[in-house]
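From just these sequences and the hints, can you work out the full model?
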Amino acid sequence: MSPFSPDTHEIVESDVLEDIKEPSMYKVFLHNDDYTTMEFVVEILIFVFNKSAENATQIMLNVHRQGIGLCGVYTYEVAETKVNTVTSLAKEHGFPLKCTMEVE
Numbered sequence: 001m002s003p004f005s006p007d008t009h010e011i012v013e014s015d016v017l018e019d020i021k022e023p024s025m026y027k028v029f030l031h032n033d034d035y036t037t038m039e040f041v042v043e044i045l046i047f048v049f050n051k052s053a054e055n056a057t058q059i060m061l062n063v064h065r066q067g068i069g070l071c072g073v074y075t076y077e078v079a080e081t082k083v084n085t086v087t088s089l090a091k092e093h094g095f096p097l098k099c100t101m102e103v104e
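Here the sequence shown stands for residues 1 to 104, numbered as in our numbering.
To be clear, the hints were calculated from the coordinates, so they are not data collected in a lab.
It cannot be assumed that every hint is accurate.
Below, in silico cross-link-like pairs of lysine-lysine (DSS-like), each with a Cα-Cα straight-line distance of 27 Å or less [stated by the list, open to error]:
(1) 21 / 98
(2) 27 / 91
(3) 82 / 27
(4) 98 / 27
(5) 51 / 82
(6) 51 / 91
(7) 98 / 82
(8) 51 / 98
(9) 51 / 27
A quick note: this is a predicted structure, and the numbers were derived from the prediction, not measured.
Below is the structure:
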């Protein structure tokens with residue numbers, strides 16, 4: 001009898017799948033200030049968050065009118081990278097644009 005025959009195959013049950021959790025997700029926000037231009041915010045939303053020009057404009061208007069705008073929801077590492085990228089680009093261009101993240 002072959003060691004690979006169905007008669008000798010054992011079914012092993014595992015609890016591994018029960019222990020797997022979905023990663024926590026994080027919301028990334030832009031905050032309004034009196035110095036960062038609306039055009040720069042739209043560029044950030046297109047470049048960093050891959051938004052369409054129309055969607056970027058809508059988010060920018062939320063930031064402008066409500067003081068805050070949701071850019072997206074990501075895993076921790078992706079959210080952290082986007083926050084750092086926005087902060088670096090804003091600083092390079094002389095803007096105090098604030099970008100934060102919070103757990104969903």
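Taking the hints in turn, this is what the structure says about them:
Pair hint residue 21 plus residue 98 does not hold up; C-alpha atoms about 31 Å apart against a cutoff of 27 Å. A threshold of 27 Å between alpha carbons decides the hint, and for residue 27 with residue 91 the separation of about 22 Å falls inside it, so the pair holds. A C-alpha spacing of about 11 Å is found between residue 82 and residue 27, which places the hinted pair at or below 27 Å, so the restraint holds. With a C-alpha separation of about 14 Å, the suggested pairing of residue 98 with residue 27 holds against the 27 Å cut-off.
Between residue 51 and residue 82 the CA atoms are separated by roughly 13 Å; this keeps the pair inside 27 Å, and the hint holds. For the proposed pair residue 51 and residue 91, the alpha carbon gap of about 21 Å is at most 27 Å, so the pair holds. Restraint check: the Cα-Cα separation between residue 98 and residue 82 comes to about 12 Å, which is no more than 27 Å; the hinted pair holds. Proposed proximity of residue 51 and residue 98 is supported: the alpha carbons are some 18 Å apart, at most 27 Å.
Restraint check: the Cα-Cα separation between residue 51 and residue 27 comes to about 15 Å, which is no more than 27 Å; the hinted pair holds.
Checked against the numbered hints listed earlier, the structure breaks hint 1 alone; every other hint is satisfied.
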